[in-house]
Amino acid sequence: ELDWTGATPKKKVSQSTQWLAGAGPIQLVWSPGAEQTFVSAIGAAHQRVQFSSEVLTDARVVTALANAAGRGVRVEVLMTDGNLDAATARQLHSAGVHVVLTPDPDDEGAGAADTNTEVYVHQKTLLVDDATAIVGSQNASAASLNHNRELSLRIESSSAVATLRAGYESVWQRYQSAA
289 ELDWTGATPK KKVSQSTQWL AGAGPIQLVW SPGAEQTFVS AIGAAHQRVQ
339 FSSEVLTDAR VVTALANAAG RGVRVEVLMT DGNLDAATAR QLHSAGVHVV
389 LTPDPDDEGA GAADTNTEVY VHQKTLLVDD ATAIVGSQNA SAASLNHNRE
439 LSLRIESSSA VATLRAGYES VWQRYQSAA
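Here this note's numbering runs 288 ahead of the position in the sequence shown, where the first position is 1.
Heads up, a few of these hints could be off.
Claimed, not checked - Derived DEER-like restraints, expressed as beta-carbon distance ranges: (1) 359 to 394: 29 to 39 angstroms; (2) 373 to 464: 18 to 28 angstroms; (3) 425 to 331: 20 to 30 angstroms; (4) 383 to 342: 26 to 36 angstroms; (5) 382 to 465: 19 to 29 angstroms; (6) 342 to 458: 16 to 26 angstroms; (7) 374 to 316: 15 to 25 angstroms; (8) 384 to 461: 16 to 26 angstroms; (9) 418 to 394: 26 to 36 angstroms; (10) 394 to 312: 34 to 44 angstroms.
Note that these hints are calculated values from the structure, not bench results.
All C-beta atoms, glycine included, are put in the ideal place defined by N, C-alpha and C.
Could you put the whole structure together from the sequences, leaning on the hints where they help?
Printed below as a string of structure tokens:
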């Protein structure tokens, strides 16, 4: 039983298990307090970071993504148009981060997206190199990472990363040409 007020769970919750075939440790990443896990994972990247979230407003996560790109890591951010503020977009672009925004299917303005065919990016996924995936309910916002009670899984598994990457890249490739 968990105390949803943000207190430590009354029962010990295992932080690691091997329920995914062939996976290394699987860590539960709880909020509040998840920001450092995201920042550290991005900071450990050597080749690529693929990130998707409904929201990207946490300054430390944005800085970590920009810094990774500055180190020569290929960094991709996939979100829905209208969910990435202009200042953050400029910071990411100037650092060399590749950003793809899908059309907002709820936008009723001129050129509105077709709600039957467009993808609204709601997934929260962080893929680092070919080894680490963080997937769950946490948006990259200070509220989600540091205040709300949320949960993600950090999975150390090349096969899990490959599976998640296939889904990420199918959306990325569909909208990349429009970026």
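Against the structure, the hints:
Distance hint check: the CB atoms of residue 359 and residue 394 are about 36 angstroms apart, consistent with the given range 29 to 39 angstroms. For residue 373 and residue 464, the Cβ-Cβ distance of about 21 angstroms falls inside the hinted range of 18 to 28 angstroms, so the restraint holds. Evaluation of the 20 to 30 angstroms hint for residue 425 and residue 331 yields a pass: the beta carbon distance comes to about 22 angstroms. Taking 26 to 36 angstroms as the suggested C-beta distance range, the pair residue 383 and residue 342 does not conform, at roughly 21 angstroms.
One distance hint, 19 to 29 angstroms for the beta-carbon pair residue 382 and residue 465, holds here, with the actual separation near 22 angstroms. The hinted window of 16 to 26 angstroms between residue 342 and residue 458 holds, with their beta carbons roughly 18 angstroms apart. Against the hinted window of 15 to 25 angstroms, the Cβ-Cβ separation of residue 374 and residue 316 comes to about 35 angstroms, which falls outside the hint. Between residue 384 and residue 461 the beta carbons are some 20 angstroms apart, a value that agrees with the proposed interval 16 to 26 angstroms.
About 35 angstroms separates the C-beta atoms of residue 418 and residue 394, a value consistent with the hinted range of 26 to 36 angstroms. A hinted range of 34 to 44 angstroms holds for the C-beta pair residue 394 and residue 312, which are about 39 angstroms apart.
Taken one by one, the earlier hints fail for this structure at numbers 4, 7, listed in ascending order.
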